[in-house]
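K.L.:
Chains as they are written, first to last, in this note's numbering: chain A, 1 to 223; chain B, 1001 to 1288.
Hints may be right or wrong, so weigh each one.
[Unchecked claim] Derived list of chain B stretches under chain A, where covered just means 3 residues or more per stretch with a C-beta under 8 Å from a C-beta of chain A:
1. 1031-1039
2. 1096-1109
3. 1158-1166
4. 1176-1187
Calculated directly from the structure, the hints in this document are not laboratory data.
Given the structure is predicted, the values throughout are model-derived calculations rather than measurements.
All C-beta atoms, glycine included, are put in the ideal place defined by N, C-alpha and C.
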Amino acid sequence: MIISTPKGREELEALLAGYRTLFLVGCGACATVCKVGGEDEVFATQEWLEAGGREVVGSMVLKEACHVMRAARELRRYRSQVDEAEVLLVLSCGGGVQSISSCTDTRVLAGVDSLFLGNIRRFGEFEEKCSLCGECILNETAGICPVTNCPKGVLNGPCGGMEDGHCEVDAERDCIWAKIYRRLEKQQRLAAFDRVVEAKDWSKKFKPGRHQLARNPGSGVEK
Amino acid sequence: MSRLAEKLAQQQFVMTAEIAPPKGVDVTSALARAELLQTMDAINVTDNQGACMRMSPVALARLLIEQGYEPILQLTCRDRNRMALQSELLGAAALGIENLLLLTGDHPQFGDHKAARPVFDLDSVQLLKAVAQLQQGVDMAGKALNHPPRFFSGAAVAPAAEPQVLVLKKLAKKVACGAQFFQTQAVFKRSQLESFMASAGLFRTPVIMGVLLLKNLRMAEFLNRNIPGVQVPEDLLQRLEGAADPLAEGVKIAREMVVLAREFCQGVHLMTFGHEDLLPQILADPSV
Chain A
1 MIISTPKGRE ELEALLAGYR TLFLVGCGAC ATVCKVGGED EVFATQEWLE
51 AGGREVVGSM VLKEACHVMR AARELRRYRS QVDEAEVLLV LSCGGGVQSI
101 SSCTDTRVLA GVDSLFLGNI RRFGEFEEKC SLCGECILNE TAGICPVTNC
151 PKGVLNGPCG GMEDGHCEVD AERDCIWAKI YRRLEKQQRL AAFDRVVEAK
201 DWSKKFKPGR HQLARNPGSG VEK
Chain B
1001 MSRLAEKLAQ QQFVMTAEIA PPKGVDVTSA LARAELLQTM DAINVTDNQG
1051 ACMRMSPVAL ARLLIEQGYE PILQLTCRDR NRMALQSELL GAAALGIENL
1101 LLLTGDHPQF GDHKAARPVF DLDSVQLLKA VAQLQQGVDM AGKALNHPPR
1151 FFSGAAVAPA AEPQVLVLKK LAKKVACGAQ FFQTQAVFKR SQLESFMASA
1201 GLFRTPVIMG VLLLKNLRMA EFLNRNIPGV QVPEDLLQRL EGAADPLAEG
1251 VKIAREMVVL AREFCQGVHL MTFGHEDLLP QILADPSV
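Please put together the full structure from these sequences, using the hints given.
P.N.:
As structure tokens, this is what we get:
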């Protein structure tokens, strides 16, 4: 899921300077789980805006703001209200903001900062595990990603900053290579640690990413 | 072949020290420090050390060569992708730089440009491999060079870092990828060095042991708290605390470490932080 965090009220205030009428958009997927753009947050934002003397001419919570066509369709249903607004404030990840900005000429503002693709530890606690690098090496690293979990993305064992098995960048955390080593040891696969890992092919992470399903989706294998 | 490489090949004990390029374009004080390090076999030139932006080490290394010194160019993966690293290496070779110390590099979080994007396109092992490949006349894309560079490639290791088995495994990878010598993080404990060298010595790759001048207790405690892979043991902390003249005690400790280096390693890398004038005392024979 996409983990995001709200922009500060001060920053929003500066962004909204000069605008009086707004249309609010939330998202029922990740932004709801992250408590930045669900029904509750859209409502709280509306109250805050109105207390500040602004008029919220309408609001909606999309099912998934990242779905481009569906977002456009749902937004059309609110057309008269959207037309009244000087600006749209979107409380979703950057992907969702762009679904909206691509289907209106009215200014669209992002109300949150997108952070990372995250796993959920428990309610409200998120951790980055995958960098979407385009070339998965988890099969060789005991199912722990060093590209993501090592702040330097080192692929060949601990850097010189490891101390007592901890990371120099964040002493609270284990050095991920110490962790990979322990797991490989348990699996009796230490040879995987000894091999020299080649430089990563970053062309696999071409920006902007684009992907089209194969013609026979569901077979599980890319043809 | 560099003088450093030659001396190590002849199994002579070598001495190195380091200087940092200036923040700015005036190299006067850097060159003045180099003069105090005249007796060293080679001088490391650090690369945006501690992730703080300074003059290019390639520039200062070349200026050192012009003054008759032999530099060890430090090169980190933090600020350059594989194209920039390779082109920097070709440039360094063209400028007569032979010795390299190839590092992953400190994270920008520790430096003065915290907002900088960390590159780390390669790690130190991959960089060593790239250097070996360049020397065979081929770049990382498999393209031929019109003339290959010649280098003497070094790598870093922290003998005191735990778990040591991981440190040794990484060291083995570095040797396999072309490391021809090692420079170590500061060592303060005989038993640690002994167990490290019992394994590291098997690779028959020269190890230049780091010796750091402790100026006082505060500095030692700072190192223990903030510098990964450096551990000043309790007995040394007590010696510094009890000493009437902590700096003199620090010199004494450093001298003992040089003796250790002579016993177990092939050279010593001296870190004296502005006290280069004390080098003769640190290098003096303690039995005299």
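K.L.:
The structure should be examined with respect to each hint, and the outcome stated for every one.
P.N.:
How the hints compare with the structure:
{"no.": "1", "hint": "1031-1039", "verdict": "violated (count 0)"}
{"no.": "2", "hint": "1096-1109", "verdict": "holds (count 6)"}
{"no.": "3", "hint": "1158-1166", "verdict": "holds (count 6)"}
{"no.": "4", "hint": "1176-1187", "verdict": "holds (count 3)"}
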